[in-house]
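Given next are the chains, with one letter for each unit.
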Amino acid sequence: MPRRNRAILKPRMFGSPLSPLVYLVRNASKSVPMVGVIALAVMLIAWIVALMNSIPDSVKAVYSYSQYSLGVTPRGDPAMTPKLVETFRNECPVPIERIIVCRGSSAQVKSIVGDWPFVVLAFNPDDMDYFLDKHFVTGIEGRKPSVGQPEALISEPVARNLNLKIGDVLLGPDKTDDYSPQDVRIVGIAQSTEWMMLTDLEYHKANHFPPIDVFLVLAKDRKTQAQLDDWALERFKGDRAKLFAYRELEESTNKMFATLYQILNVVIVTLVAVIALMIGMLTNIYQSQRLVEFGLLQCIGYARRTLLLRSLKETLWVTVVGWLLGVLVAHLMLRVAYMVLMEPKAWALNTMDPTAFAYTLVVPVAIFAVGAFTVLSRFRRFDPVSIVERRLV
Amino acid sequence: MIQALQASLVYEDHGKEIRACDAIDLEICPGEFVGILGPSGSGKSSLLYLLSGLKNPTFGAVLFEGRDLGQMADEERSRLRMEAFGFVFQQPYLLGYLSALENVMLADPVRDLRKRALELLDLLGLSAKTGRLPHELSGGERQRVCVARALASHPRVIFADEPTAALDHANGVQVVELLNAHRGEGALVMVTHDPTMLHGSDRIVHLTEGSIHGEQTRQM
Numbered sequence: 001m002p003r004r005n006r007a008i009l010k011p012r013m014f015g016s017p018l019s020p021l022v023y024l025v026r027n028a029s030k031s032v033p034m035v036g037v038i039a040l041a042v043m044l045i046a047w048i049v050a051l052m053n054s055i056p057d058s059v060k061a062v063y064s065y066s067q068y069s070l071g072v073t074p075r076g077d078p079a080m081t082p083k084l085v086e087t088f089r090n091e092c093p094v095p096i097e098r099i100i101v102c103r104g105s106s107a108q109v110k111s112i113v114g115d116w117p118f119v120v121l122a123f124n125p126d127d128m129d130y131f132l133d134k135h136f137v138t139g140i141e142g143r144k145p146s147v148g149q150p151e152a153l154i155s156e157p158v159a160r161n162l163n164l165k166i167g168d169v170l171l172g173p174d175k176t177d178d179y180s181p182q183d184v185r186i187v188g189i190a191q192s193t194e195w196m197m198l199t200d201l202e203y204h205k206a207n208h209f210p211p212i213d214v215f216l217v218l219a220k221d222r223k224t225q226a227q228l229d230d231w232a233l234e235r236f237k238g239d240r241a242k243l244f245a246y247r248e249l250e251e252s253t254n255k256m257f258a259t260l261y262q263i264l265n266v267v268i269v270t271l272v273a274v275i276a277l278m279i280g281m282l283t284n285i286y287q288s289q290r291l292v293e294f295g296l297l298q299c300i301g302y303a304r305r306t307l308l309l310r311s312l313k314e315t316l317w318v319t320v321v322g323w324l325l326g327v328l329v330a331h332l333m334l335r336v337a338y339m340v341l342m343e344p345k346a347w348a349l350n351t352m353d354p355t356a357f358a359y360t361l362v363v364p365v366a367i368f369a370v371g372a373f374t375v376l377s378r379f380r381r382f383d384p385v386s387i388v389e390r391r392l393v
Numbered sequence: 001m002i003q004a005l006q007a008s009l010v011y012e013d014h015g016k017e018i019r020a021c022d023a024i025d026l027e028i029c030p031g032e033f034v035g036i037l038g039p040s041g042s043g044k045s046s047l048l049y050l051l052s053g054l055k056n057p058t059f060g061a062v063l064f065e066g067r068d069l070g071q072m073a074d075e076e077r078s079r080l081r082m083e084a085f086g087f088v089f090q091q092p093y094l095l096g097y098l099s100a101l102e103n104v105m106l107a108d109p110v111r112d113l114r115k116r117a118l119e120l121l122d123l124l125g126l127s128a129k130t131g132r133l134p135h136e137l138s139g140g141e142r143q144r145v146c147v148a149r150a151l152a153s154h155p156r157v158i159f160a161d162e163p164t165a166a167l168d169h170a171n172g173v174q175v176v177e178l179l180n181a182h183r184g185e186g187a188l189v190m191v192t193h194d195p196t197m198l199h200g201s202d203r204i205v206h207l208t209e210g211s212i213h214g215e216q217t218r219q220m
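As they're listed, the protein sequences go chains A and B.
Start counting the first sequence at 1; every next residue gets the next number (the numbering used here).
Start counting the second sequence at 1; every next residue gets the next number (the numbering used here).
Derived by calculation from the structure, the hints in this document are not laboratory data.
Don't take each hint at face value.
Facing chain B, from chain A, some residues (calculated, C-beta under 10 Å) [unchecked claim]:
{"hint": "1", "residue": "L18"}
{"hint": "2", "residue": "P20"}
{"hint": "3", "residue": "P117"}
{"hint": "4", "residue": "F118"}
{"hint": "5", "residue": "V119"}
{"hint": "6", "residue": "L260"}
{"hint": "7", "residue": "Y261"}
{"hint": "8", "residue": "L264"}
{"hint": "9", "residue": "E293"}
{"hint": "10", "residue": "Q298"}
{"hint": "11", "residue": "Y302"}
{"hint": "12", "residue": "R381"}
{"hint": "13", "residue": "P384"}
We put the CB at the ideal spot given by N, CA and C, even for glycine.
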């Protein structure tokens with residue numbers, strides 16, 4: 001297109017020649033770096049917060065199965081188990097659907113911050129069917145463990161996390177943290193979002209030490225499980241029982257990460273302050289370079305307020321576009337991170353984490369505030385005649 | 001139309017009081033071409049800034065159609081400058097990221113001046129360069145764009161502050177002739193130190209050390 005037509009057409013796209021967009025588009029060498037810095041800051045903050053959040057989210061996802069039952073083990077005396085079961089049956093105010101007496105041994109799963117302990121539950125066939133049904137299993141690839149055999153059923157997230165398939169060894173004599181006297185091979189993979197490792201109760205009783213029965217208590221109505229957990233935590237306080245409730249897991253996880261979040265807040269505040277100051281300095285430099293423009297426009301009849309609003313609109317455009325771009329890039333990068341790093345290990349990562357994006361809001365707000373302050377202080381002291389008199393140019 | 005009544009402009013420079021304009025009485029009539037002539041530092045530009053409301057007098061007053069410019073709020077005075085006045089300065093100040101046409105259209109953002117701006121640029125011999133950016137124009141062409149901007153909103157008064165200072169003589173004469181030829185019914189107040197630029201003026205006001213030292217009226 002000939003140069004003449006190009007220049008005539010462009011302002012029509014944005015309205016008047018003094019539209020903030022005309023300035024920003026035609027001075028891309030100034031506006032693009034500012035947008036870029038803001039976008040990078042937003043992306044960095046969204047990334048840090050989303051990845052940080054993925055750790056407790058992963059903890060909760062790994063142990064999420066425990067929100068549908070309360071785990072109970074006796075303390076100090078294995079003979080306590082039947083008594084504890086009886087107490088539940090007689091005193092629990094929440095209707096109980098089933099109490100599953102089972103055994104457990106320890107194994108490990110992989111997390112972002114290293115190995116985490118996980119429990120291998122050993123059930124009789126009937127209880128295993130019930131447990132699978134209660135944990136949203138939609139199908140099984142392979143089969144369930146046979147009675148008395150060193151066989152295991154794991155869920156799909158566990159298989160991904162440990163990179164295991166049917167026929168692989170889950171527990172074995174050579175594994176320090178996933179011990180069993182015989183190789184316990186995987187015979188089935190359950191289709192479910194819940195993490196679980198299950199073996200046969202008879203095999204467990206014959207091969208694992210110590211011989212302690214534990215049990216799971218499941219409320220009749222899933223919605224009342226939390227109520228049941230709360231009652232039990234209160235009822236068995238100081239008693240010879242150790243309870244494993246999902247609420248406790250959530251609380252201890254939140255407590256564990258509270259300090260880390262405080263440190264994160266300090267880092268983010270520092271980052272925002274540095275970037276806001278940098279953008280403020282850039283705005284100051286760019287405003288200095290535009291003194292002739294402001295002086296001329298004021299002289300030919302543009303009110304100070306009009307020019308001030310125009311400058312503020314430009315700052316607003318830059319910060320909003322920078323923020324939106326940052327959010328978009330952060331989301332895309334998080335999706336890449338999820339696909340490449342997280343999903344193969346079945347770790348949680350929310351690519352649209354509202355907390356992460358909420359944290360980034362402070363960036364445009366701080367930058368707009370610093371930019372607006374810079375523009376306001378410039379205009380307050382500005383004498384347009386100094387420009388046309390050539391005192392300032 | 002414009003009256004300066006004992007208008008003075010006093011400022012301090014390194015602790016010393018400077019009287020840029022000293023109790024000036026002057027009236028500009030509609031349609032008149034008034035030249036303000038004087039040596040460098042005589043207060044010509046300061047007088048122009050007082051008459052156009054760019055500066056407020058320290059003492060005295062400047063009235064436009066009976067209204068005291070000094071009593072107006074910034075917004076009102078700015079609106080007056082935009083609607084009633086046109087300006088050409090020593091340097092051809094244009095916004096570097098706008099084309100010649102867009103620079104002329106800046107004269108009034110409320111009205112659509114595209115047609116008027118194209119007409120003026122055509123009259124000033126710039127019809128082929130309406131889409132050019134300022135750095136693609138010569139000094140004379142830039143000042144002609146400034147002239148078009150000053151004329152675009154049919155101002156009642158055009159203030160020209162040494163509009164030929166940055167140009168060679170031939171270009172300078174051409175700029176003044178263009179201003180004079182296309183100002184219509186608007187008055188023209190031009191500050192210069194070069195008397196040859198004021199051939200077409202109706203009146204020449206001589207300024208020395210901030211005071212009027214004489215006036216010449218053209219014989220009809």
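Tested hints:
no.: 1; hint: L18; in the structure: holds, 6 Å
no.: 2; hint: P20; in the structure: violated, 12 Å
no.: 3; hint: P117; in the structure: violated, 64 Å
no.: 4; hint: F118; in the structure: violated, 63 Å
no.: 5; hint: V119; in the structure: violated, 67 Å
no.: 6; hint: L260; in the structure: violated, 48 Å
no.: 7; hint: Y261; in the structure: violated, 45 Å
no.: 8; hint: L264; in the structure: violated, 42 Å
no.: 9; hint: E293; in the structure: holds, 6 Å
no.: 10; hint: Q298; in the structure: holds, 7 Å
no.: 11; hint: Y302; in the structure: holds, 6 Å
no.: 12; hint: R381; in the structure: violated, 14 Å
no.: 13; hint: P384; in the structure: holds, 7 Å
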